[in-house]
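> So you can see what is in the structure, the chains are spelled out below.
There are 2 protein chains.
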Amino acid sequence: MPPPQSPPTVVVPPSDLHRHLGGLLATGEGADVTFEVEGKTFAAHRWVLAARSPVFRVALFGATTGGADDVVRVNIDAMKVQDFEALLHYMYTDSLPEMKGGEAAAMLPDLVAAANRYKMERLRLVCEHKLCEYVNGRTVVAMLAFAGEHQCNGLKEKCLRFLDDPVKLREIVQAEGVENLSKSYPSILKDVIAKFVATPVDS
Amino acid sequence: MPPPQSPPTVVVPPSDLHRHLGGLLATGEGADVTFEVEGKTFAAHRWVLAARSPVFRVALFGATTGGADDVVRVNIDAMKVQDFEALLHYMYTDSLPEMKGGEAAAMLPDLVAAANRYKMERLRLVCEHKLCEYVNGRTVVAMLAFAGEHQCNGLKEKCLRFLDDPVKLREIVQAEGVENLSKSYPSILKDVIAKFVATPVDS
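Residue numbers (UniProt numbering), protein chains in the order written: chain A, 1 to 203; chain B, 1 to 203.
Here chain A stands alone, though its shape is the one from the complex (with noise of 0.2 Å):
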């Protein structure tokens, strides 16, 4: 038998690099970009955000850079306050900002459209991950929508998994009508019919 291991002398504490940034966010100091959002401003650090998108990259970085000595004015369109806040966070933190249930189901897909957007893969999959919790008989058809629309595999497998069970199935197709399937989620009508004409009759 080996000897028993006596416990290490030195304890590595885990990263806290996420952290030290996640405070450079917070105090503000030192930034060199202001966004504005909704009437809202946020102070950030260009080179933070531009290692982490390359899109921020081009934007802040590309053919208008300017002395890089100002700091530079950003509007935001088409993203709302509380999205933007998260996405900050995230490229300071590699972590979404706390969010209850209803405000995560809400943000969750604007995160989706924001990562597609600036070309964040990561928070992609973490958006479509926590995404995965909120599939239901209630949420499925518009999910799988969703999904197909936002390139979000992984998310479209879960809800085309949760209607693998032939009765729940028939039912989502009973209550939403094939005409309004049709009609509002065209693209994923093939994927539900073909489940539904797979399923055994007597089911």
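Certain hints may be false.
Since copy identity is lost for identical chains, a pair holds within one copy or between any two.
[Claimed, not checked] With a cut-off of at most 20 Å between alpha-carbon atoms, the simulated SDA-like pairs for lysine to any residue come out as follows:
hint, residue 1, residue 2
1, 80, 95
2, 168, 178
3, 100, 88
4, 40, 89
5, 168, 138
6, 130, 15
7, 190, 164
8, 130, 13
9, 119, 19
10, 119, 149
11, 183, 75
12, 130, 150
13, 119, 16
14, 130, 11
15, 190, 15
16, 190, 62
17, 190, 75
18, 168, 29
19, 130, 9
20, 130, 85
21, 130, 142
22, 190, 149
Source of the hints: derived by calculation from the structure; they are not laboratory data.
Chain A is fixed; fit chain B onto it per the hints.
Okay, now just chain B, sitting in the frame of chain A:
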């Protein structure tokens, strides 16, 4: 029995913040400070360093901030090029660069000193943790002295545990000589002598 769990449809990759910041260091884009170490220059981002080390924060944004605009030049004394390179790598990525055995043994004590100098507690613990691998009959006395001088309590504990073996302890005291120990490492003599005295005579 609960039904078997199907595998998750969305797998979130590990945090990539350190990789993105590492890329920023590698390209030097947007750098606003240049360090000169033994004639070699390093471009960096002041706010990364300030977020990571309170000493750098004061040095770079203290009384003489001046315009926040110009690229600042800073000379670093009493530090080797490869040590400063490793320090920067750590600041951007929370990890040390790859080091070969001999290189690590030479650099880790320097990096402990740098971590204390720049008040980077976690870096000191990362180095201390690695230094523990180098504690053996040849190194233990020097390590113990080093640990005492640089507030490395975990490394000190590791050395003292090593000396818990009465045979090893006796061999080392005989090899080093009490005279030499008292001259070269007066600070640790107390610890070693205390252990020596406590050792059973017939061991």
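> None of the hints should be skipped; say for each whether it holds.
Okay, the hints, checked on the actual structure:
Proximity of residue 80 and residue 95 under a CA criterion of 20 Å is satisfied intra-copy only: 19 Å inside one chain copy versus 36 Å between copies. Taking the shortest alpha-carbon separations for residue 168 and residue 178, only the intra-copy value of 15 Å comes in at or below 20 Å, while the best inter-copy value is 82 Å. For the identical chains of this complex, residue 100 and residue 88 are intra-copy neighbours only, at 18 Å inside a copy versus 38 Å across copies, given an alpha-carbon limit of 20 Å. Proximity of residue 40 to residue 89 under the C-alpha cut-off of 20 Å is restricted to the intra-copy arrangement: shortest distance 16 Å within a copy versus 36 Å between copies.
Proximity of residue 168 and residue 138 under a CA criterion of 20 Å is satisfied intra-copy only: 11 Å inside one chain copy versus 71 Å between copies. Proximity of residue 130 and residue 15 under a CA criterion of 20 Å is satisfied inter-copy only: 16 Å between copies versus 23 Å inside one chain copy. In this homomeric assembly, residue 190 and residue 164 come within 20 Å of each other (Cα to Cα) only inside a single copy, at 15 Å, whereas the closest approach across copies is 73 Å. Proximity of residue 130 to residue 13 under the C-alpha cut-off of 20 Å is restricted to the inter-copy arrangement: shortest distance 14 Å between copies versus 27 Å within a copy.
Only between protomers do residue 119 and residue 19 lie at most 20 Å apart by alpha-carbon distance; the minimum there is 16 Å, versus 23 Å within a single protomer. Only within a single protomer do residue 119 and residue 149 lie at most 20 Å apart by alpha-carbon distance; the minimum there is 15 Å, versus 49 Å between protomers. Taking the shortest Cα distances, residue 183 and residue 75 never come within 20 Å of each other, neither inside one copy (36 Å) nor across copies (68 Å). Taking the shortest alpha-carbon separations for residue 130 and residue 150, only the intra-copy value of 15 Å comes in at or below 20 Å, while the best inter-copy value is 45 Å.
Proximity of residue 119 and residue 16 under a CA criterion of 20 Å is satisfied inter-copy only: 14 Å between copies versus 25 Å inside one chain copy. Taking the shortest Cα distances, residue 130 and residue 11 sit within 20 Å of each other only across copies (11 Å), while inside one copy they are farther apart (32 Å). Taking CA atoms no more than 20 Å apart as the test, residue 190 paired with residue 15 passes in neither setting, with 46 Å inside one copy and 36 Å between copies. For the identical chains of this complex, residue 190 and residue 62 are neighbours neither inside a copy (42 Å) nor across copies (63 Å), given an alpha-carbon limit of 20 Å.
Taking the shortest alpha-carbon separations for residue 190 and residue 75, neither the intra-copy value of 40 Å nor the inter-copy value of 66 Å comes in at or below 20 Å. For a Cα distance limit of 20 Å, the shortest separation of residue 168 from residue 29 qualifies neither inside one copy, at 53 Å, nor across copies, at 54 Å. Taking CA atoms no more than 20 Å apart as the test, residue 130 paired with residue 9 passes between copies only; the shortest distance there is 11 Å, against 38 Å inside one copy. Proximity of residue 130 and residue 85 under a CA criterion of 20 Å is satisfied intra-copy only: 18 Å inside one chain copy versus 39 Å between copies.
Within a single copy, residue 130 and residue 142 get their C-alpha atoms as close as 16 Å, which meets the 20 Å cut-off; across copies the closest is 52 Å, which misses it. Within a single copy, residue 190 and residue 149 get their C-alpha atoms as close as 14 Å, which meets the 20 Å cut-off; across copies the closest is 72 Å, which misses it.
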